[in-house]
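Each chain is listed here by its residues.
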Amino acid sequence: MRKTRSSKASRPSAEDSSISTSSIPPPESDENPPKLFILPKETSPEARIVTLPNPRNSAPTRYYFCPERGVYEFTKIAAPKGSPRSWLLAPPQAQPPAKKAIDAAASSEQSGSSTGPGSDAPAETRPSEHGSILSKGYTTRSADLFVATPLDPLFLIVPALAPAPGSESSSGHLFLSDDDHFDALASTSRHYGIMLQNPRLRAAFKARMGVVCDTVDAGGDCMYRLSVEKLMRELLRKASEVVDSGLPMSLEERFVGKVLEAPAVCVKREENLAVAGPLEQEDGIPQDTIKTQTPATESRTDSQASTTSTVTTATDITEPCTPPGAPPSSAPASIVRLLRLRTALAYITTTYTPAHLALFPQPSLIDFTPLTEHLTHLASLREEAFESRSFGNFSRKRALDGDEESEELRAEKKRKKEEEEEKKKRAGESRAIKGLRKVDVRGMKKLSDFFGRT
Amino acid sequence: MEARLEQALLLKRVVEAIKDLVQDCNFDCNDTGIALQAMDNSHVALVSMLLKAEAFSPYRCDRNIPIGINLTSLTKVLRCAQNDDILTLKAEDSPDTINLTFESSESDRLSEYDIKLMDIDQDHLGIPETEYAATITMPSAEFQRICRDLIALSESVSIEATKEGVKFSCAGDIGNGSVTLRSHTNVEKPELNVEIDLAEPVALTFSLKYLVNFCKASALSGSVKLCLSNEVPLLVEYGLSGSSWLRFYLAPKIGDEE
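Protein sequence lines, in the order shown, are assigned to chains A and B. Be aware that the first sequence starts at 1, since it is given in UniProt numbering, and climbs by one per residue. Be aware that the second sequence starts at 1, since it is given in UniProt numbering, and climbs by one per residue.
It is possible that part of the hints are untrue.
[Stated by the list, open to error] Taking lysine to aspartate or glutamate and the DMTMM-like style, the derived pairs with C-alpha atoms no more than 20 Å apart in a straight line are:
| hint | chain 1 | residue 1 | chain 2 | residue 2 |
| --- | --- | --- | --- | --- |
| 1 | A | LYS424 | A | GLU384 |
| 2 | A | LYS446 | B | ASP24 |
| 3 | A | LYS446 | B | GLU231 |
| 4 | A | LYS434 | B | GLU231 |
| 5 | A | LYS41 | A | ASP214 |
| 6 | B | LYS90 | B | ASP28 |
| 7 | A | LYS424 | B | ASP121 |
| 8 | A | LYS238 | A | GLU252 |
| 9 | A | LYS417 | B | ASP119 |
| 10 | B | LYS76 | A | GLU429 |
| 11 | A | LYS445 | B | ASP96 |
| 12 | A | LYS446 | B | GLU129 |
| 13 | B | LYS216 | A | GLU429 |
| 14 | A | LYS424 | A | GLU373 |
| 15 | A | LYS446 | B | ASP121 |
| 16 | A | LYS424 | B | ASP119 |
| 17 | B | LYS167 | B | ASP123 |
| 18 | A | LYS425 | B | ASP119 |
| 19 | A | LYS445 | B | GLU195 |
| 20 | A | LYS425 | B | GLU103 |
| 21 | A | LYS434 | B | ASP24 |
| 22 | B | LYS116 | B | GLU2 |
| 23 | B | LYS116 | A | GLU405 |
| 24 | A | LYS425 | B | GLU54 |
| 25 | A | LYS417 | A | GLU405 |
| 26 | A | LYS446 | B | GLU195 |
| 27 | A | LYS425 | B | ASP121 |
[To be verified] Here are some, though not all, of the chain A residues that point toward chain B, as calculated from beta-carbon distances under 10 Å:
| hint | residue |
| --- | --- |
| 28 | SER364 |
| 29 | LYS416 |
| 30 | GLU429 |
| 31 | ARG431 |
| 32 | ILE433 |
| 33 | LYS446 |
| 34 | LEU447 |
| 35 | SER448 |
| 36 | PHE451 |
| 37 | GLY452 |
| 38 | ARG453 |
| 39 | THR454 |
Hints listed in this document are in silico derivations from the structure and should not be mistaken for laboratory results. As the structure is a prediction and not an experimental result, all values here were calculated from the model. Each residue gets a CB set at the ideal place from its N, CA and C atoms; glycine is no exception.
Okay, chain B solo, but in the shape it has when bound (with noise of 0.2 Å):
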């Protein structure tokens, strides 16, 4: 397997995201593209991640090669790249290691590292393609803030969409508190669009931490999109340039609500 990626930027993204919901993951190569799916330690929480083939630039792998790494360690090595470093991953067929080497896209330094794998036994979920009763896009970094801000209050939020708009609420020891957006459209910066598509009324609770916790992603992408149906799984995913993606699942709060 052999991939080059243009910023080394997008992959330390990915990484700083999801490595404080999992510690070790399975890299799943094959010919489309780079796969990862890992539950947190308490199994309620899911992410799932994409890069496509087309996000690098070339791409070539031949079999399916699981790559089984702590993110710690892939963290502590992707620090040593500058987010505009062309990054190379190389790994065997079946694997020990896995190298990376990176290319400052300014001078001819070039450095190369190389991380001990791992045999990881993970359970490995089929996600069906689901219609959601609610779907709403709003900008990363609202979605961010309504969290953080939420989460000095209580430690869930319950989320109600509902054709007036998407209403974020909690109640906690001190009070309690509300944001409510509602469709919004701005001509000159596309990316603060709120968008709410509804089938049906839905209203949810979930846990915060874990939400500020996918949160970490608003990096990756200007917008994020909430997937909402009763008794399922919360959906929150952020597009990444050229339909790949990085996805959070998130097992709702049932009967435990005030």
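So here's chain A without its partners, still in its complex pose (with noise of 0.2 Å):
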């Protein structure tokens, strides 16, 4: 990711940016407001948006195409949903950048809790000498942030080379040149058309569908099939060096952490608890660390601090986590290695290429079973700690927060019991006792109904 601070504007709303003037009404909010970008740097003033479809659902997409270095993917930064916050827009030439983005956050802050999300008011609120500036600025609705990430052209040509089953030009299996993909591929979008008579994304394309596919060459030209195997070895290729470089922190953490999170057990909680016993008792301490990440905020209130905190976790999402120095659970390291693999894998795949393709690596290319029967065992080690858990004697603890929560697992608790004394008395039925069961007793009374009770 190229990391130029360049808040250009998109196309539609370029002009946006110089409506809002400081007045002190506030403007009417714009229809098409303006939106940040983060433009890789040096690109060719031919370079522009353009819509095309997106290889994994065929949805029209947005991606900025360059003449000279290629195609780029936007990629969504957003502000979670819970916590309302914008972009003050300035004219650059008075902040250096880092200053900039902590006032932007401040300004956001301010935008926030003032005019509420929504409204776009000039950030007048601070009479300093950067007022003059701060007041021709832009405050966005919503703090998205959109970053142009290069995009690999394999993953645009893949739809052309293996249409999904049932479309026109189903001849997946045939040998075609590669004029006849482009035109397959031009076919799909009218912004293709354009692109592809640019040599350099031509020979991008070509390079690439000679890594994936199976090549003939008939008279002088060469032409293409896709070959499943070598997109899929292609893509491994891709995952491992994805691994290699480390997972983005989210997918870390929800795919790998959680996932080889093996179950505590009784013994082990209670060490737990006594570990989080003291921190929980010192508040200062998460906030301490907060302050030393971002020293520029130490002047401001706690409540921007965690603004600004929350807003560098948010950004800590896109940035790969280093080679993780503790794997996160007794896991080896080969099965930890392969979670990884097959998350990013899952992730590419599910994202780049087509649904129709349903790719998943042969057991030739890369061997997952270690992997299953280990997440297997884990299952069962957890299913064992839950019923451990739900039959433990943990009445003392119950006692003491006696809430709805504890009343609800001894209720359930209390269910399961009565479930497997019926499946016990269940299975220590004889066969003819379950046929029995199976009789159609409509029309019989009980025979309490005749007999009385003694």
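Can you join these two chains into the complex? Each is in its own frame, and there are hints to help.
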């Protein structure tokens, strides 16, 4: 990712930033507000935002195309829904980028609290030397940030190489020349037609096609046919690259850390509690760490500090976490790597490859069996732990909290026990008794209706 | 309580006959003998047994002792006994276990088993002595055959007793069928007699699955007695030696006839 902060607005909204001037009544909210983009450096002036079908689901999606540097996709980074925030866009000459970002966050805090989300209020509540500059600024409605990241043209060409079954051009099993494949691609979007006039892009497409296709030389012309195995191998290579440079934090946490977490058995649990205890008492600790992370915010109030910290965590998500020092659990490193690989691969295949291909690596390419075995083992452990927890005698603890949750747990436990007993009873039944259960007893009164109880 | 049975076979067959109707039941021991009453899961059938003290030699029981037992467990242990073994049941006054010893009649083999008992909460029904409208006595093998034949066609059988005879009939998807028996006296083989004692004609419908289940007691007795009255449960009685008996009751199907 190129870290140039050029707050270039998208074309349709380019003129909007000049509209908002400092006037006391807040201007009408824009129908087409500016969007904040981070675009690659040194692109050609011919670079355009184009609409192309998404390789996964062929829905029209925006891409950034530069004739010299290739195709970029946009990754949207948004603030969490629960905390409305916005960007302040100000003329670029005055502030160093870092300061500006903080100001943006701070003013977003103000706009969030004073005027609420959705209003485009000029930030004039800060009568500082930058006041005039800020007052020329523009506060966006949402804090969405679109980052253009390079996209392998391979993903764009794959849908053309492997048309969905049932579509008109389902000649997926024929060798076709590159031109034919490009025509297929151009038929899906008008923009492709224009883009494909660019020889560089054609060359890039050809090169990538060569990697994933079986080729035949037909009279000087190279004919291509998609090879799923080659594609898989290429995707696997990509996935292992992702794993080598570290999975993004959010993926790592959710799909690797959580999954490999061994269930805590009773004794361990108490240890954990003991460790967690003192930490919870000292509320200052976490905030201290936040402040050291963002020293510029030290002078501000706590609430602001915490806002900026959440902003940084929001950006953390996209940054790949450096090779994890400690493996998340007791799982052997090979298992952890396999799981990371599978996660990365699943992410790539479900995001960038057509759904109908349903790609999954053959065991000959990579063998996930040790991983699945380990996961089933974990699942059984978890089940055991759950059972020991629900049946174990924690009555003293429950008496302490005594809230609904424990009530629920108890009810659940009781239900389970009853079920278990019923099951046991049924398991002990002979075949004949089971057979009698199936007898249609409609019209038959109970014997207690005939004979009195004694 | 201590009861000695000359032949383990009797208890084996009794348990064999009822274990497919009920899972757990109480054997109530008192000074007159060992009694049992239990209903199936649906409470539409009832089994009642009385092994009188005379069936044992000797029999000693000073007070009422309920012996709650899982019949599957009991079957497992009884399978360890040879048919001709001498069986002795022993239990304390408020027992946790029941002790069974099998003595081989031929060799000096002695085997001994303890079965854990259970507390069973069971409804006990008072069954009055009833004058039935029709009482049919027939070979138990015959009754078993009729039930097995008819269950191939239908789930339920209609039993019609008139002065002409008794007719078992059924109708099912593939067709219908009936078996009619008339009073019959075989001088040479009295166990093949069919006797119909009729006060008034009766017609009732019953579930064949249950009747087939009852027939598992056929080995206990050469003849079976069916007692019917309109609107009351059918009684199927197998006589055991020494006026002991095994009885099954089954509620008739009412209002669900085709």
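Outcome of the hint check:
Note on LYS424(A) and GLU384(A): the hinted pairing holds, with a Cα-Cα distance of about 18 Å set against a maximum of 20 Å. Restraint check for LYS446(A) and ASP24(B): the C-alpha separation of about 19 Å stays at or below 20 Å, so the hint holds. A C-alpha spacing of about 12 Å is found between LYS446(A) and GLU231(B), which places the hinted pair at or below 20 Å, so the restraint holds. At most 20 Å may separate the alpha-carbon atoms for a hinted pair to count; LYS434(A) and GLU231(B) exceed this at roughly 27 Å.
Restraint check for LYS41(A) and ASP214(A): not satisfied, since their Cα atoms lie roughly 36 Å apart, outside the 20 Å limit. With a C-alpha separation of about 13 Å, the suggested pair LYS90(B) and ASP28(B) falls inside the 20 Å cut-off, and the hint holds. Distance check on the hinted pair: LYS424(A) and ASP121(B) sit about 18 Å apart at the alpha-carbon level, within 20 Å; holds. Between the alpha carbons of LYS238(A) and GLU252(A) the distance comes to roughly 17 Å, so the proposed pair stays at or under 20 Å and holds.
For the hint linking LYS417(A) to ASP119(B), the alpha-carbon distance of about 19 Å falls within 20 Å, and the restraint holds. For the given pair, LYS76(B) sits about 14 Å from GLU429(A) by alpha-carbon distance, which is consistent with the 20 Å threshold. Annotation: proposed proximity of LYS445(A) to ASP96(B) is violated, straight-line Cα distance about 36 Å (limit 20 Å). Our distance criterion of 20 Å between C-alpha atoms is met by LYS446(A) and GLU129(B), whose separation comes to about 19 Å.
For the hint linking LYS216(B) to GLU429(A), the alpha-carbon distance of about 17 Å falls within 20 Å, and the restraint holds. Of the supplied pair hints, the one linking LYS424(A) and GLU373(A) is violated, its CA atoms being roughly 29 Å apart against a limit of 20 Å. A threshold of 20 Å between alpha carbons decides the hint, and for LYS446(A) with ASP121(B) the separation of about 18 Å falls inside it, so the pair holds. Pair hint LYS424(A) plus ASP119(B) holds up; C-alpha atoms about 17 Å apart against a cutoff of 20 Å.
The suggested pairing of LYS167(B) with ASP123(B) is violated, with an alpha-carbon distance near 34 Å, which exceeds 20 Å. Restraint check for LYS425(A) and ASP119(B): satisfied, since their Cα atoms lie roughly 15 Å apart, inside the 20 Å limit. For the suggested pair LYS445(A) and GLU195(B), the alpha carbons sit about 29 Å apart, so the restraint of at most 20 Å is broken. A C-alpha spacing of about 33 Å is found between LYS425(A) and GLU103(B), which places the hinted pair above 20 Å, so the restraint is violated.
Simply put, LYS434(A) and ASP24(B) have alpha-carbon atoms about 14 Å apart, close enough for the 20 Å limit, and the pair holds. Among the hinted pairs, LYS116(B) with GLU2(B) is consistent with the structure: their alpha-carbon atoms are about 17 Å apart, no more than 20 Å. A distance of roughly 39 Å separates the Cα atoms of LYS116(B) and GLU405(A); the hinted pair therefore is violated under the 20 Å criterion. Restraint check for LYS425(A) and GLU54(B): the C-alpha separation of about 36 Å exceeds 20 Å, so the hint is violated.
With a CA separation close to 18 Å, the supplied pair LYS417(A) and GLU405(A) stays within the 20 Å bound. About 30 Å separates the Cα atoms of LYS446(A) and GLU195(B), which puts this hinted pair outside 20 Å; it is violated. Between LYS425(A) and ASP121(B) the CA atoms are separated by roughly 15 Å; this keeps the pair inside 20 Å, and the hint holds. Here the hint on SER364(A) is broken, as its CB sits about 52 Å from the closest CB of chain B, past 10 Å.
This hint is violated: LYS416(A) has a C-beta 22 Å from the nearest C-beta of chain B, more than the 10 Å allowed. Contact between GLU429(A) and chain B, as hinted, is supported at the beta carbon level, the nearest pair being about 6 Å apart and thus within 10 Å. With 10 Å as the threshold, the beta carbon of ARG431(A) comes within range of chain B, its nearest partner Cβ sitting at about 8 Å, so the hint holds. The beta carbon of ILE433(A) comes within 6 Å of a beta carbon in chain B, closer than 10 Å, and the hint placing it at the interface holds.
Because the smallest distance between the Cβ of LYS446(A) and any Cβ of chain B comes to about 4 Å, under 10 Å, the interface hint for this residue holds. Because the smallest distance between the Cβ of LEU447(A) and any Cβ of chain B comes to about 5 Å, under 10 Å, the interface hint for this residue holds. With a least beta-carbon distance of about 6 Å to chain B, the hint placing SER448(A) at the interface is held under the 10 Å criterion. Evaluation of the PHE451(A) hint against chain B yields a held restraint, the C-beta minimum of about 4 Å falling below 10 Å.
For GLY452(A), the shortest C-beta to C-beta distance to chain B is roughly 5 Å, which falls under 10 Å, so the interface hint holds. Interface hint at ARG453(A): satisfied, since its Cβ lies 6 Å from the closest Cβ of chain B, which is below the 10 Å cut-off. The interface hint given for THR454(A) holds, since its Cβ lies 4 Å from the closest Cβ of chain B, which is under the 10 Å cut-off.
The structure is inconsistent with the numbered hints 4, 5, 11, 14, 17, 19, 20, 23, 24, 26, 28, 29, although it conforms to all the rest.
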